[in-house]
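Undergrad: If you want the building blocks of each chain, they are given just below.
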Amino acid sequence: MAASFQQALTHLRSTRVWKSIFRRGPALTNRTRSVAVFGNLFLHFLPAKVREKSLRVRATYYLGSISFLLFAMLTITGILLMFYYHPATPQAYRDMKDLRFVVSNGVFLRNLHRLAAQLMVLAVFAHMFHVFYRGGYKPPHEFNWVIGVVLLLVTLFLSYTGYLLPWDQLAFWAITVGTNIISAMPVLGKYVRFQLLGGTIVGENALLRFYVLHCVVLPLVAIVFVAVHFWRVQKDGGLTVREPDGPQKD
Amino acid sequence: MTDSSKPGNAAGLPKTTEAGVSRRDFLNEITFAALGIAAGGSAIVTYGYLEPNVLFEPPTKFRAGAPDLYPVNTVTYLPEQQVYIVRTREGFYAVSAVCTHLGCITQWKPEAEQIACPCHGSKFRADGRKIEGPAPRPLPHFSIGLTPDGELQVDKLETINPNQVLRT
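Residue numbers (my numbering), protein chains in the order written: chain S, 30 to 279; chain E, 51 to 218.
Read the hints as simulated data drawn from the structure, not as lab findings.
Certain hints may be false.
To be verified - Capping the alpha-carbon separation at 20 Å, the derived lysine to aspartate or glutamate pairs in EDC-like fashion look like this: (1) S/K219 with E/E208; (2) E/K159 with E/E182; (3) S/K126 with S/D265; (4) S/K264 with S/E171; (5) E/K206 with E/E107; (6) S/K219 with E/E107; (7) E/K180 with E/D199; (8) S/K219 with E/E101.
These numbers were taken from a predicted model, which means no experiment stands behind them.
Isolated chain E (complex conformation) (with noise of 0.2 Å):
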């Protein structure tokens, strides 16, 4: 609509500045970076406020009961919190009882003396070594102890060493 190299508005100023910007690019440029910083903006914020801050899911750390629950050469599994509390000779471990697959929830077979995934056919050993199906990685074990009045306690948030066992 303007040419930039014309003379300017009725009072004689110029419409470019030295450097050749004039003055529609410039507002342009400003609204449009304006606008760009605005969204940016908004777009973090909402990301923000769609993480939630306080989950009400069903806490990691939780009670398993009284050690003499267990026999030995056992192994148990606490539906609610989804963990195996496996108890040999040598004492105890906790081992998950979620798939490392897709995160489908495993069966203990006695019979077979196999921890197997009804989802996609992985099978792990007692200790969650895995047999054999598409699971990648052992089922993990998680930290696993006694609190002051003698009961065991697991933190599924916690994953330990698979030779770690708690003796008795």
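Only chain S is shown next, with the shape it has when bound in the complex (with noise of 0.2 Å):
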């Protein structure tokens, strides 16, 4: 059985469309690995090589990681979302409700999005505190650090923005104050809160505003930014590491 599953994977390695896929031979030593994930769109901004200290087991190690694994379950859970919801009044509530109560399995769906998404806001909280406390802000990090403050400040205006969506008496209030301190602002408030809100109240355009915010826009934004801090994690000597009980390395 395994024997006939290696001869299986040995002749599909040697196909013509396997070898216009994957172009190096297989990855059997150190050096074709390495190849093998700097020609990977998808893995050549991960190192080829971490340090075993690095892969440590601590309570706090995989903030960063839960944190892009809830962005990744939201994009999913959001997209199946989006295939019954209209960004309309007041046809929103009622797609909410809809979701709720009608259609299969949607109150989980809308759940798992609404519970991620708060979950989201509490990892990436923490994965700041620990890579503060940690002292990962500090040379060669610095420009990770901020990478990862707009994240964060992405991250709450993709809660922001998706808040208003099932447009109930928590979300219109909610952003009717949340618009009102925005415009408490010097000089630029009215006019951020004007553009924000497609108008002066809480309304149709607000809606249809914070959908495109909520679905493309912000998104879009965090996925860039995501992409450069893997990038810098990498490129910046990989993660933080720091002896159990000394001062930090790298």
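Since each chain comes alone in its own frame, lean on the hints to assemble the complex.
TA: This is the structure in structure tokens:
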């Protein structure tokens, strides 16, 4: 059984299709393994090698990865929710109700999206605290720290724009209060509020604008910054490693 | 790649002007300047595009019915317009129901004779004066008048001095 599987794999790797996709041979040596990582779009911004120390499991270790996985989960569940949601008044509220009570597994998806969103805010903050107390903002990681701060803001804006979409009382008043806070900003405040809402009240235009920001603009910004963030982790010398009892290395 | 001090092309033209600007620098500068102007222009028209010219929002000027609908010494809330019509012995005034703190809709509490905001606890008197709470300003008074056929009319775009009362 195992032998025939190996045989099939060997055969598959000798086919023209396989060779056209994976242009190198099997990754059997350190060199070919590195080449496999460098030559792959999805892997090339990950380190080809990691230090054993940085893989040591700790309570706070996976916070960044958890944030990213939650983001991926939110993207998938969000796209699925979009199939049933119209960003218009008063249809938006009815669609949200339908997702909860009529659509098969709709309540599961909606709650998954909602809870993952809340968890993501928590995870991003926890990741940030971890990096901060570890001194992960120090050279050579300063730039990546700033990217991280931008990602925190994008996460908060995603959370805020998503909050309006159910179009219930909570959403309406939260956005009313939030956009009034924005208008307290000196000089620009009133213009920013008007552009954000597409008017002077939280109405149809505001719902559509928040929808576009939530589903298109902010996720694209997040994806670009996440890519830079991961890339810089590698370029800045891998994850920050600290000796258990001693000063920070690197 | 090219040294600007060296002689020019085959035709013998110099590669720098008298002021020492090379052709490469000049072309770079006008290219980036053109791109910069185009980018700035795009930003301006995009801003204009995103700013709606027509708003489908409730009208700010409305009729509030005959004055007799409002008994003396009462505060009546008009939910559509988010305005209180207050009638005292002196006459009428219209007070905004939108809290000056963060825009929540306040409620008239007859038993306490107060206007209270459910969001952050601001309290006002019936004439809009602030009693307490985070609200920074009193509730504004809107311009109120009578139409030719004798109905009350309120204009929410025009705020007036709180001392002004529509006498009846």
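Undergrad: For this structure, which hints from the list above don't hold up?
TA: Numbers 3, 7, in rising order.
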